[in-house]
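**Q** Residue-level listing of the chains:
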Amino acid sequence: MARMKFLCDTERCIECNGCVTACKNENETPWGVNRRRVVTVNDGVPGERSVSVACMHCSDAPCMAVCPTDCFYKTEEGVVLHNKDACIGCGYCFFACPFGAPQFPNGPAAFGARGKMDKCTFCAGGPEENGSKAEFEKYGRNRLAEGKLPLCAEMCSTKALLAGDAPVISDIYRERVMRRGKAGEAWGWNTAYGKPEQAAPAAKEAAK
Amino acid sequence: MLYHIFKNGWEDKAYIDARVFGLDKVKAEVMTWTPERVQDVTGIPEAEVLRIAEMLAKNKPSTVVWCMGQTQHTVGNANVRAMCILQLVLGNVGVSGGGTNIFRGHDNVQGATDVGPNPDSLPAYYGLAAGSWKHWCKVWGVDYEWVKSQFASQAMMEKSGITVSRWIDGVLEKNEAIDQDSNLRAVVYWGMAPNSQTRGLEMVEAMKKLDLLVVIDPYPSATAAMAAMMRKDGVYLLPACTQFETSGSRTASNRSIQWGEKVIEPLFESKPDHTLMYAFAKKFGFEKELCKNIKVNKDKQGWDEPEIEDILREINRGAWTIGYTGQSPERLKLHMKNMHTFDVKTLRANGGPCDGDYFGLPWPCYGTPELKHPGTPNLYDTSKHVMDGGGNFRANFGVERDGVSLLAADGSASKGAALQMGYPEFDHVLLKKLGWWDDLTEDEKKAAEGKNWKTDLSGGIQRVVLKVYGCHPFGNARARALVWNFPDPVPLHREPMYSPRPDLVDKYPQPDDKKVFWRLPTLYKSLQTKVRDISKEYPLIMTSGRLVEYEGGGDETRSNPWLAELQQEMFCEVNPRDANNAGFRNNDFMWVETPTKGRMKVRAQVTERVAPGTVFLPFHFAGWWQGKDMLEYYPEGAAPIVRGESVNQGTTYGYDSVTMMQETKTTLCRVTKA
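Listed in order, the protein sequences are those of chains A and B. Okay, so the first sequence: first residue is 20 according to the numbering used here, each after it adds one. Okay, so the second sequence: first residue is 30 according to the numbering used here, each after it adds one.
Read the hints as simulated data drawn from the structure, not as lab findings. Any given hint could be a false lead.
Said to hold, decoys possible - As a list, the in silico EDC-like pairs of lysine to aspartate or glutamate whose alpha-carbon atoms are at most 20 angstroms apart: (1) B:630 with B:602; (2) B:374 with A:194; (3) A:178 with B:372.
Stated by the list, open to error - Computed spacing ranges between beta-carbons, pair by pair: (4) A:59 with B:426: 46 to 52 angstroms; (5) A:59 with B:385: 43 to 49 angstroms; (6) A:198 with B:380: 27 to 33 angstroms; (7) A:115 with B:75: 52 to 58 angstroms; (8) B:385 with A:177: 28 to 34 angstroms.
No residue lacks a Cβ here, since even glycine has one placed at the ideal position from N, Cα and C.
Excised from the complex, chain B in its bound form (with noise of 0.2 angstroms):
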């Protein structure tokens, strides 16, 4: 599509020359995709790309909204790259109705995500450096000494952990080629479905070979059943609750943030998680330092229970890079109450008494609540106010590269900047250098002397550079089309690991294996080169995804009567002419086989919703193996009403080149009547 656009001279010039960084590299990559080799590698015709790129460059604005399919890849994150570098192209982003829009799979992902579950990232993605540490220790209010104490190391604190993608071979890789002591010994899986994460014939391997395996969850889940598989003692079942059952803040993806009250009290011996982490923290010995800032209530069966508020008190004290400061518990609660008083068309309060408000706060809403900043309802946005919800690329990567000035253009800053011109992120220096440091009450002085934006607990660096001067804290610098510190600067194309097409891996080969990455070896060309020619006895293209009626794993969904009347059996849908070679007919039963040597026996569904050579299986489904119903490895009672095949028991070995993030949506099978 971006070879069309550059042709025909509808990229939004004006904006990439004053709000890009390194398109020119980009553009030169390309170029040399004609339509002819484009056709080549993705089956796409000339004309319907052109008709795509044509209907995107003259329907402004316009956005581009993924889920899986774009990040599950061993190129994952080329992927979504290409698709921001298309948006920064046609001008889309940082416009109402533009961006591109990355949707979550469920309640609360982002929310999750910004309090910091990453093995690379303290929360609110201030990475793992001892200042990242000592910052959030000063949050928490506990001694930087005594939380380095609680690990082996510097080096281990400081080290980006094994993802969660690959916890399996946490466990099953040889200890010498690990990049930490020992090897992953006990696991727990905090609702989390197993069956979402491809290689699940290894995984129960490595559930084998765990001292200890806790399952946390309102359900026991296919994570019990599997382990039940494979052992008789070492797994712990403890029943969490669900969010209807609890109280507090959830974000969702376009960041905004929602007060949920409590519906019900949590149903039989179940409990909310923050009281299970308190519990632990108990048992280990430092609840103390977990709920320093954090109040700790009774419930009615007498379990310490931390209170909610307290948490995203403690949350808004911390969060300064992505502006999760401002979103008190009362002014969340507040927007709940009057949310009959925001426009459903600009999310924005209308009078009342969250005047100006855009409903839900979305981040960043920067400063301290007091501050009153509206929250950001787009990102990027320089047609509006700082203090407006406006806003421009930030300034994370340093003022220039290679002799290029990574800093916005002039004139192209946040609607009422003080500074019309790109400029860096703040810092006491900066402040002091342009006069702006006694703007400062006294009190914030001595809380931000020798810190920037993003460590000043007062807010006070926030409020002089957003309030009084209308600039970003964060500084006002050009996207990056290219980045320099990714493997592949400009996004490529690589052939996926397991290929239909030999010609195209010799073309377009993955890069070397790496010896270390987030602590483990990690295969890509020899791995690819090993089967290159694996086609020929696995000729169809597999890919999964989700289906409306379940969610993730599917435990929850699965039991629910409702909906498990919806989708009552695991399908693999299959073309018509595949099915017709195959000798099966729709509805009958069929064997998925994939290169793992799993084996999964589904109903066929045979559509023209899958184009010839390629199949797509849901990955909702768990409580069948290899053709066999596991209803004896649940608790009685316990099973899910609606059992199938995982197709994760299929997929195969790849990941992302940055992210570590599995390649579930492209691997190889062949299918054949049951």
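Next comes chain A alone, as it looks inside the complex (with noise of 0.2 angstroms):
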């Protein structure tokens, strides 16, 4: 079973933004909920870096942790997500994330008036049956269930952000570095992955 992960190569990131609008327009996410962002650090002096950003599907992910109505789960292919309809929107996964992956509707509004968390799914939809009307309208496509990987990286013009099976991304990232002729850290990745796969609900059934 492959083992779903994102890859950032800032060093290729021209902070195009193509991600971002590929994943906004393939998950009709509304205004202000940014699933995936491009963050650019140094902007305008040597050593600008950018990243593109997004729920990294952790090992051992503390959203999952911190969650009081346990809404998350995790599919066998290692992709963190998530219930709305158990989600009470209040915030906690929003504070435990490295990566500040979850994203409010009604922005930061107090306790129980955010709205339902809404998040990257790797394309890969909630909890309703693969493909539904129900299942896009609360998560967005379902890409993976038709084959295909997500479309922020799909859509990446430089080929910078990378996703799929772990071992296939990282085999691509490790040619690169070999070619580069210069380690580099692969962003976000220890943070993400440096710890154990976090045993966990592993079907969609476990969460209904």
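Take each chain as given, in its own frame, and dock them per the hints.
**A** Put into structure tokens, the structure is as follows:
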């Protein structure tokens, strides 16, 4: 079984926001909800770098650990998903997440008024039936069920953003590092994948 | 950079000797540009220039990429020639991985240019001479005398028109000063953004004065709102559909052509451009002449729609100059269907039905489609046979100049050419002289008699020259480093119209004013002299350009929620030093004021992206005017989601001395806290 991961190669990201636009268009997320965003550091000075950030689908996901309603679950492919019906909009996951992934449709409102949390699903939908209208309305497109990878990475013009089975994308990145002749850390990987894979209720059924 | 290249002997001497003309005069000018002088004018220190020159010289091939940063200046023509000369000196032109790459701003700009929207040429760069008109009349199947009768006079027919950059002067200039009978009274904005053009304050005055203004666009656009601000009637909006709602060929910057299929039916009441064009022709009474060779079908609402494939076939039958002749709709569609058979590095089909073709048949793809020319992936590449996409420099300016040959040196022809030397362009006379005439078929002979490689509609001359003898139809000459018919034959530095340095204005002045230039009087030295000291009031350099999120004038992209969310406000990039001096902080509102009396209220983006003394503003915004939202001037529900000040409200007068391109890339401004 594959273990799905994201990898953003900061040597290649050109801050074009193509991934952000692809994500919004594919999942029809509302204004203000950004499942993915591009962050630039050292803007305008030598050494400027950009990185495209979304939920990294951590091996030991802090959001899962802190959620008081246990709305999170992990698929067999390692994708961290959640059940919006169980979400109470408390925002704990937002404070726990090292990547700022959880989004709330009503912004920084008071507890209970933020609305249901929304985040990157690795284009894998939610607990509803694959490809159903209900699934799309709550979670966006389920591309994985159609045998496709997340659109953000598919649309990346420089192939800075990679999405897919961990050994495959690691190989691509390793080859790039070898060609460049300098080591580079895969951004965010230690934080996201540095801990042992957390055992979690695997199937969607468990979350229902 | 050329100074360091020559000084260190890094130039490609063999290449220059064989394939370049007039470099000695350029070199003489270059060697006067000592590092001290360069730093004084550009601000770039010697070490940096040397580092880049060495990097280019020692890492070959290398390419140079630019967009509008080089061209939108009064010296734009000199800038781009200087870049080409740099590449010629390094021997980087005509090699894979080399060349100069000028990126187009949006879909099919190259294709639009190729079919002749410029006011100095018929399609495919044939110019406006009587012979050019006769060539195209023959292609169109219409009588030359009839076409002539549509013009006020033959002189008007053959005289370059007013460029889009100056239409406002065509309206506002005194009638006795312009080189045509009447001023412009009607303007059609067809997929064109007014906020991408300079001198916005004068533009609204011109819009007010017009009898008629027509906007053809998927969105009402800033044109409609600007006009509505100035007048109550005489403005017509015609909804055009987007490229996704029609099919047809699109040409990219690398001259390759792709066939696009219709994705959805045109939305609402919109129509494709060619349907609108036909409706106009019908109203004016020449629809039969417009579509002599083109089948006309009825669309779903009963409008007449010319058949797209036939339009391309007509282009194929006439555009011999640039080899836009071999790319039939059938060949292009075959490429799209068999995309997977093309190698991603060479762009060449490896087996399959398109075997040997370069993807999209980049022009020149000479001859008829039946000749099966594979297209040309790199221009001027002598390492390949011409039927393999090879080529050389064009013999477009005669065979000698001042006693020096303009033709390429012996041994520098394309691979396998029967003539391994420089040679002129081919016509019926040269073919006969060489004894190649009898390689033509009897039918081809009839068509080619009295013709040359670009007017022989049978394609026989091109076929014989290319296929039988491996030569280039347009001859084999040297690239001109010295362009004797331009105002500055050697590219020269001239200070911009609005310069922050009066001392440099004195040293590097603009040329004298021109009385008639593209039908209009055009100011250079007199204006520059008048504003010589204006930097006392407007001390900062103001430049403008693009953002990745928006495109062109931005009406379409600022109406797209996914993109609009990413750039929600018009802004100005200011260096922290200038922001601190002016007393505002990041994200404050600020005023940008320019010598046109343009005033723009924008967000301050305080950043090191710009150097002290320079500010940058993106040009994609419109919908605010001098601090006020223009929402009420858009048709209800049609305003873009994001609106902001147009930088071109504040850009100033200044035009390239050859092309009449507007100077958007440099003027002056001052900034204050709003």
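**Q** Run every hint past the structure and note whether it holds.
**A** A quick look at each hint next to the structure:
| no. | hint | in the structure |
| --- | --- | --- |
| 1 | B:630 with B:602 | 13 angstroms, holds |
| 2 | B:374 with A:194 | 19 angstroms, holds |
| 3 | A:178 with B:372 | 19 angstroms, holds |
| 4 | A:59 with B:426: 46 to 52 angstroms | 48 angstroms, holds |
| 5 | A:59 with B:385: 43 to 49 angstroms | 44 angstroms, holds |
| 6 | A:198 with B:380: 27 to 33 angstroms | 29 angstroms, holds |
| 7 | A:115 with B:75: 52 to 58 angstroms | 54 angstroms, holds |
| 8 | B:385 with A:177: 28 to 34 angstroms | 30 angstroms, holds |
When each numbered hint is compared with the structure, no violation occurs for any of them.
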